[in-house]
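Quick mapping for you: the protein sequence lines, in order, are chains U, G and Z.
If you use the working numbering, the first sequence corresponds to residues 1 to 174, in order.
If you use the working numbering, the second sequence corresponds to residues 175 to 541, in order.
If you use the working numbering, the third sequence corresponds to residues 542 to 1201, in order.
Treat the hints as calculated values from the structure; they're not laboratory data.
Check before you lean on any hint, since a few could be wrong.
Examples of chain Z residues toward chain G, derived with CB under 8 angstroms [as the list claims (entries may be wrong)]: (1) HIS548; (2) VAL564; (3) ALA575; (4) VAL579; (5) ALA583; (6) PHE590; (7) ASN657; (8) LEU682; (9) ILE696; (10) VAL1071; (11) ASN1072; (12) GLY1075; (13) LYS1079; (14) ASP1103.
The structure displayed is predicted, hence computed values, not measured ones.
We put the beta carbon where it would ideally sit given N, CA and C, even for glycine.
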Amino acid sequence: MTRKQRRLTMIGGALAVLAVAAALVLNALRDSIVFFSTPTMVAEKHVGPGTRFRLGGLVQPGSLVRGDDLAVRFQVADGGAKLPVAYKGLLPDLFREGQGVVAEGALDGSGVFRADTVLAKHDETYMPKDVADALKKQGHWKDDYGAKAGADAKPSGGAVASQGAAPSAEGATR
Amino acid sequence: MTLWLVFALMTAAAIFAVLLPLGLRGSPSSDGGEASVYGDQLAEIDRDVASGQIGKPEADAARVEIGRRLIAAANQEARLALTSNTTWRRAAAVLALVGLPVLTIAVYLPLGSPRLGDFPLAERSRAPDGTQPLEAMVAQVEQHLEKNPTDGRGWNVLAPVLVRLGRYDDAIMAYRNAISYAGDTAERHADLGEVMAAAAGGVITADAKSEFERAVALDANDAKASYFLGLAAEQDGRRADAVSIWQAMLDKAPQNAPWRAAVQAALTRVTGATAPVLSNDTMAAANGMAAGDREAMIRSMVERLATRLKQNGNDVEGWLRLVRAYMVMGDRDKARGAEASAREAVANDSERLKQLKEGLKNLGLDG
Amino acid sequence: MIAESGHYALVLALALALIQSTVPLVGARLRDPALMNVARSAAVGQLLFVLMSFAALVMLHIISDFSVANVFENSHSLKPLIYKITGVWGNHEGSMLLWVSILALFGGLVALFGQNLPLSLRAHVLSVQAWIASAFYLFILITSNPFTRIANPPIEGRDLNPVLQDIGLAVHPPMLYLGYVGFSISFSFAVAALIEGRIDPAWARWVRPWTLLAWTFLTLGIAMGSYWAYYELGWGGWWFWDPVENASLMPWLAGTALLHSALVMEKRNALKVWTILLSILTFSLSLLGTFLVRSGVLTSVHAFATDPTRGVFILVILCLFIGGSLTLFAGRASALKQGGIFAPISREGALVLNNLLLTTACATVFIGTLYPLALEVLTGAKISVGAPFFNLTFAPLFVPLLIAVPFGPMLAWKRGDLLGAAQRLLAAAGAGLAAIALVWAWTRGGAVLAPLAIGLAVFVIGGAVTDLVERIGLFSVPLATAARRARGLPRSVWGSAFAHAGLGIALIGIVCETTWNTEHIGTMKAGDSVNVAGYELKLEGLTPRPGPNYRELAASFSVSLDGEPLSVMTPSKRTFTTRGMSTTEAALLRRGVSQLYISLGDTTPDDAIVVRIYHKPMVLLIWFGPVLMAFGGLLSLSDRRLRVGAPRPAKALRAMQAAE
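Could you build all of it, start to finish, from the sequences and the hints given here?
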């Protein structure tokens, strides 16, 4: 084999692998991606029953109903619309009313979202996108804790100072 | 000051790190280099041949190849002989000596807070007045209560602590909660009234008065409520009522009641001439108390006075009493402080200022 | 004082980094050794100041100085000491400080142990390292300053996210950072080589130990992160194809490719341009990971757009370094002389195939991670690319790679004999087939792919063993000779055999866990018992317990197998008062390399509790594999020929000759 042939073999092999990979990626992108919707978007777009998507929003306070055998029902709201969700299984630790949630599943014939997964993330700050925005609007995303320390405070003035910036215990969870 | 010293030392160390290699005359020979790597590779081939991992012909071919690299590397090194450039070394030294500190300061000053000391938690707990750990505890309890707002006992524990911290409004809330969740007792109503009075700078407000009345209704023998009702009468100008209330208390009270002295003193004050809050009589009365109680009583009274004056600084009489009280307690610094505050408070009022100066002179302080 | 000293030390580190990034370059241009050596002392100085700064932040967390905003937001006076310390890097500012500390650490190590490097190469490497460092110091000081003070210090901190209060957090992020920040050295070496305009096998020899070190840490870091997620998140999963995880997987894939291509370059002076490119790409992926995790772009594209300071800053750093280095690469790469030629069937060819598959796999992960982001930015549509995508793309690419793994070490350099290699691998292939048959027979009618995958894994392990056996001639020479040869075998050979075997072992774990995992979810009351995978689990009772800063409800399960009592498992659910959050503490019972796993859900009004019980066969192999790989990495690293700063044998040889 000449040097040129060798090189061609290599390049051919590389292209073959890349072509296979590209085919795999395109195929997977067609079949396995899931769109993300909020209740408002669901209402606007008239998502048909059976189409899988991810539903994100806040768990409507007071809507959580636990049934027999781990069945739960709750409503997901995004400020504009509400969508009832039915799920069977264990809810993640971070799940609670008034908090953000992402559920994956599809609508059934009666307009109830049948979730097969309810997601929790490692990090409490890793919130569903829309939820984060909603929280931001309400000013809960990050409490600010007084201006940057530029002025000189007397270290002895602790008693007065501590009242100035008492920590709000709930932070972003309220 | 120490901080800047530390900064200076650190800066010096950083400058030193740059200057150190610049100062070293005579360069070390270019240590390492490709030659040694290829030497290693040759040795490796020998080992591989010895262990029979590669055949002789392959080994020879490899040796030739590595030898070629070795020669190339040697040529390269020869072409790039080291030089020494004094001008640039000087420039680098100047950069380190001037540029580095200037840059550091220029970046640090707008970002840092050099005047802000440390606030480690442990140090706060050791604060002399002992209020700091209390505050930490209060924060804990408050958090707990926010979650369990119906815990009456919790509110009951929290309320007096809040009073001690001077957070009267919160304390009022706490007492109210304690009353609604832990029950209606005379003691709690009396305490609530007291805090209301304290919040109003010692004035028994209508709200406070009604609390005391409620307390007395629940328990006619509640000393605190009775005492404050007397005080309310005195403040309203109904001296006779005050006297009768207090007299009745003393009549009913057992000889060893801890508050006897205080009521006695109040009675003396109302019946006798107008005396300062801490009249000699009061001090004398206080002498009868246990040392700790006396101390606490005096302190609480003085503090209440100071708080009131902070809110309303026009009371020259009050200022003088405060200064005197501090002097009696042997706290000259605080006396001076109160004096200064008093001057500041009445500085705009020549009439009161004159009055103040006179009073101070009488106390042996220069007017 | 502590806070301000730490702050000042950080600024000094920036100043030193700026000097380190310029003066040695001038020195290298002028060939002035003193100016070039500034790089060394400055790098060491920089390391000391950053460590001082980091130590100051740790100290502030320990003493709960809430006048420092970072401490106030992420700590609490009642938190156990260990979590006060781990809380330092559990938040954005602290973790960025850790990031630069590790960057400086690697720079410092090169300065201290890089005596065998040519002066100008070392100067260039350290300069480039200092460019990166300067950019990140600025980032920290301007957008994420951990030493920002609060004039009126609050009395109590805001606590750390309880999910993060775990010992796994203490070790896993530093490990990950050691890994992917460590690749900065390969990057610096690559850029230095491009600046110098020459590159040779010696370069690969020098860069390899650093890459290997970073790779070892990254392997361990990823494994630990995965195990941490497994037991702390309480739902038994160990890999979620989460963007944060992908961010660490991509540099690992590229780094693995880099390790192999650098080997080709060192031994055969080939693949030079590619190796340089891989070095740049690997660290670029690390930077990308940092950007993804730290900019908040994953949390919300919108949040990123409305509060973009941090994100944009990292993005600028990212573009500057990736763009700059790739431009330099484009300009200089053609000038690099091509070296050693080889046939497609050869050790080199096998390593090229390895590189090809690894980088392609890396590219699919890249697409899967960034496509949703790009789509959202461009069209506003939100999609999620989850496990199915990666299973469909990543797995098919890894299968040929795994098949090829045993062949690589069997082929000779330059021109290999595929048939010969195949013959030598017959035993391994036989073992693989036997495993397939065995598993097939045992599970009968179950999943079709699983036995095949296990066979493949056994083949990979068998290949690694065969390689060792052949090299020491275990069955062809007397045992004593074999033992001597085994001792004489370079540690890097052992290392690569272990690493390859680790791959097979991890695969067995993954296949078994995903295929034969048994799960039971249900409500249980005290006295109830349930049978999972042959184990009888009885809920004895629920007891509330107080903890240092939480309350917990512990359930106690007695486990028995065939009526034989084995152990008691106590999973619990913790409620953290300060944040009003709860976490699940799973209970694990190890049986061989399999595990029983119990996590608790909510209690129901009638005093029952929701439980999740899993039996996970062979699950520990998933992490045992990477640990073995990392061990292989360390073993290779300890190989005298790669050891950094070790006395060179050439010299030793000469000394010995002189002594004779």
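Is the hint on LEU682(Z) kept, meaning its closest Cβ partner in chain G is under 8 angstroms away?
-> holds, 6 angstroms
Hint check, ASN657(Z) versus chain G [nearest Cβ-Cβ separation less than 8 angstroms] | It holds, given that the least Cβ distance between ASN657(Z) and chain G is near 4 angstroms, below 8 angstroms.
Report holds or violated for the interface hint on ASN1072(Z), using the least CB-CB distance to chain G and a cut-off of 8 angstroms.
-> At 39 angstroms from the nearest chain G Cβ, ASN1072(Z) fails the 8 angstroms test, so the hint is violated.
Please verify that hint: VAL579(Z), Cβ, nearest Cβ of chain G, below 8 angstroms or not.
-> Since the shortest Cβ distance to chain G is 5 angstroms, the answer is holds.
Cut-off 8 angstroms, beta-carbon criterion: hint that VAL1071(Z) touches chain G | violated, 34 angstroms
Can ALA575(Z) be said to touch chain G, with a Cβ gap under 8 angstroms?
-> holds, 5 angstroms
Does the interface hint hold: is HIS548(Z) within less than 8 angstroms of chain G, judged Cβ to Cβ?
-> With a minimum Cβ separation of about 5 angstroms from chain G (threshold 8 angstroms), the hint on HIS548(Z) holds.
Taking the least C-beta to C-beta distance, is LYS1079(Z) closer than 8 angstroms to chain G?
-> Because about 34 angstroms separates LYS1079(Z) from the closest Cβ in chain G, which is outside the 8 angstroms limit, the hint is violated.
Supplied contact hint for PHE590(Z), tested at 8 angstroms Cβ to chain G | Cβ of PHE590(Z) sits 7 angstroms from chain G, so the hint holds.
Chain G contact restraint on VAL564(Z) - CB to CB distance below 8 angstroms = Holds, because the Cβ-Cβ distance from VAL564(Z) to chain G comes to roughly 5 angstroms (cut-off 8 angstroms).
Restraint outcome when ILE696(Z) is required to lie within 8 angstroms of chain G by C-beta distance = This interface hint holds because 5 angstroms falls under the 8 angstroms limit.
Going by Cβ atoms only, is ALA583(Z) closer than 8 angstroms to chain G?
-> At about 6 angstroms, which falls below the 8 angstroms cut-off, the nearest Cβ of chain G leaves the hint on ALA583(Z) intact, so it holds.
Going through the hint list in order, the structure does not satisfy hints 10, 11, 12, 13 and 14.
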